[in-house]
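If you want the building blocks of each chain, they are given just below.
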Amino acid sequence: MLVLQGIVDGILAGGLYALMGSGLTLVFGVMEVINFAQGIIVVLGAYLTYVFSTHIGVDPLVTLLITIPIMFALGYGVYALLLRPIKRDRVIMSLLVMYAVAVVIEGCLDIIFGGTLVQVHAAYSTSSIHVAGLEFSDLYLLAFGLSAVLLAVLYVILYRTKFGRSLRATTQNPTAAKLVGIDVDRVSATTLGIGVGLGAAGGMLFGMTESFNASSSYDLISRLLVIVILGGFGSVWGAMVAAIIMLVVEDVVAVVWSPVWGQTVFYLVLAAVLMFRPQGLFGRLAVRAQ
Amino acid sequence: MLVFEGVFAGYGGGDILRGVDLVVEEGSLTCVVGPNGAGKSTLMKLVSGLLHPRVGRLEFKGRSIARATPRQIVKQGIVQVMQARNLFPELTVRENVELGAFLVSDGEVVRRRYAEVCEMFPIVGERAKDRAGSLSGGQQRMVEFARALMTDPVLVTLDEPSMGLEPRAAKIIYDSIVSMHRAGRSILLVEQNVRAGLERATHGVVMEAGRVRLEGTGADVLANPQMRALYLGGTIEEGRVASSTGVGAGAAAPPGAP
Ligand SMILES: Nc1ncnc2c1ncn2[C@@H]1O[C@H](COP(=O)(O)OP(=O)(O)OP(=O)(O)O)[C@@H](O)[C@H]1O
Ligand SMILES: [Mg+2]
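Protein chains in written order, with our numbering: chain A, 1 to 290; chain B, 1001 to 1258.
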């Protein structure tokens, strides 16, 4: 029963990490940019929700209507102003740029909010329901449900719209995409906007499930990067599966053994997978035609 | 219709093209040949907007396209099939072909053209739902051609379309190039197989070391004794083959000369 509860908890929390990680892997797929700022973006999303809900009294869920557009604009602007001008050594230079963006945002948040841990509260954040001896916290059900909805929206954008087709084309062959008239820079800026927006939506949920401060971003980004590595860089589907594996392994180990060993066991699983599939679960070696 | 004059271009580490003068006449099938590394693909990248000339004039229908983006160039009716890897391997054949009409907003037009290219290249219809990456090299070329025609281009530029194909597949490719030409499109073709390319061309161009070394009608260039020297590893004197058509006359003159 404990193991089953661990699996349930892991799947529910995994949905949230899938949401935060999907933005990271999507951006890498389109423009080979490792968005090192994704961790602090999540925290920024959490703080925005915190401010709107605690100080202005908006329901956390409703704040998404404000934070997602703001964060989309931030991502779009970062691409247009900072990443687009990079002409050579794109992968490493863009990593440095995103690192700098992360440091700046973290510094600002630190100055404004200090180091005190805060949490977003809502009426539904403490209750839970019981089914067949298993406990489902309302909050985690909400997090899972909302993540699933947003990922479904992402799916529709990717596979049912003209923009989605141009995004997938750019991922697979950026040069050929240019030659059919796709504006690869605009697709890239929009994708970074979407990735950052997804991160911020994840941030709202993260801020409700855990207390956080600006430094929480380090633990977050290392987890998100690991999820993307396990799932395969560029694969949104892979990120979802990997997030759930990570959280299930951690939660099961935590209940049957000790929370201390959760991460360690997961990293052993990761190492074992990478020995046999260095490209990750759903990644492809040399995906791109240059 | 497409004019290069005194064009120098490279990738940041010195010029690869060193003063290219070339005219692609409207309605011609212009075939460029030359040894590996001569700069043929570099020339093609200038036409598609992936690369821009460092100096020199590059005009299409009298308007400069030297700084144009690939998107603007496609809008003007120039399409390019690159030397290798043109497709989106994980997308279906149909998605690939439809993306050729990315800039065409009228869905009815897209449907009509899709039906047309399916007729011209039956493989497109037969394998419409398959991943493009699962097709053979020759079949992928067909899909690339089909995609290129989706914009109804006036100038089709093809970089070594027969590369890596067995003779029968190459023959089909050459035939479809000739029929595109007969349908009234101008063609700029780069070809490694000198004979196959020049035999079908109305105009032949030989490039070497970043310059145009020889030009004339396809047949004249093919018959030129200097071609032998070039392909046996030597270099040739700059010059023009006596050409009855006069096409390209003056193209070897230095930039700015009257
Ligand atoms: N992206 C690039 N960056 C730097 N140098 C390049 C690049 N592409 C080509 N070159 C160099 O430019 C020169 C000409 O290359 P190009 O591809 O234009 O030749 P080509 O005539 O098409 O040859 P081939 O018949 O082998 O296709 C070569 O020396 C090549 O090394
Ligand atoms: Mg070439």
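Keep in mind the hints are simulated off the structure, nothing from the lab.
Owing to the predicted nature of the structure, the values given are computational and were not obtained by experimental measurement.
Yeah, the Cβ is synthetic: ideal placement off N, Cα and C, and Gly gets one too.
Each hint should be verified, as a subset may be incorrect.
[To be verified] Heads up, incomplete: computed chain B residues facing chain A, CB under 8 Å, no partners named: (1) SER1048; (2) GLY1077; (3) GLN1080; (4) ARG1085; (5) PHE1088; (6) ARG1094; (7) LEU1099; (8) ASP1106; (9) VAL1110.
[To be verified] Restricting the straight-line Cα-Cα distance to at most 30 Å, the calculated cross-link-like pairs of lysine-lysine (DSS-like) are: (10) LYS162/A <-> LYS1171/B; (11) LYS87/A <-> LYS162/A; (12) LYS87/A <-> LYS1075/B; (13) LYS1171/B <-> LYS87/A; (14) LYS1061/B <-> LYS1075/B.
Hint check: 8 Å Cβ-Cβ cutoff, SER1048/B to chain A: Given a least distance of 6 Å, the restraint on SER1048/B holds.
Residue hint GLN1080/B, partner chain A, criterion CB-CB below 8 Å: Interface hint status for GLN1080/B: holds (6 Å vs cutoff 8 Å).
Agreement of LYS162/A and LYS1171/B with the hint, judged by alpha carbon distance not exceeding 30 Å: Since the Cα atoms of LYS162/A and LYS1171/B sit roughly 36 Å apart, the hinted pair is violated (cutoff 30 Å).
Hint status (Cβ of PHE1088/B to nearest Cβ of chain A, threshold 8 Å): Holds. Min distance 4 Å.
Proposed proximity, LYS1075/B with LYS87/A (alpha carbon, max 30 Å): Roughly 25 Å between the alpha carbons, so the hint for LYS87/A and LYS1075/B holds.
Pair hint LYS1171/B and LYS87/A, alpha-carbon separation not exceeding 30 Å: Judged against 30 Å, a Cα distance of about 41 Å means the pair is violated.
Hinted pair LYS87/A and LYS162/A, Cα distance within 30 Å: holds, 28 Å
Closest C-beta approach of GLY1077/B to chain A relative to 8 Å, hint status: violated, 12 Å
Chain A contact restraint on LEU1099/B - CB to CB distance below 8 Å: holds, 5 Å
Evaluation of the interface hint that places ARG1085/B against chain A, nearest CB under 8 Å: holds, 4 Å
Agreement of LYS1061/B and LYS1075/B with the hint, judged by alpha carbon distance not exceeding 30 Å: At roughly 13 Å apart (the allowed maximum being 30 Å), LYS1075/B and LYS1061/B satisfy the hint.
When the least beta-carbon distance from VAL1110/B to chain A is tested against 8 Å, hint result: violated, 11 Å
The structure is inconsistent with the numbered hints 2, 6, 8, 9, 10, 13, although it conforms to all the rest.
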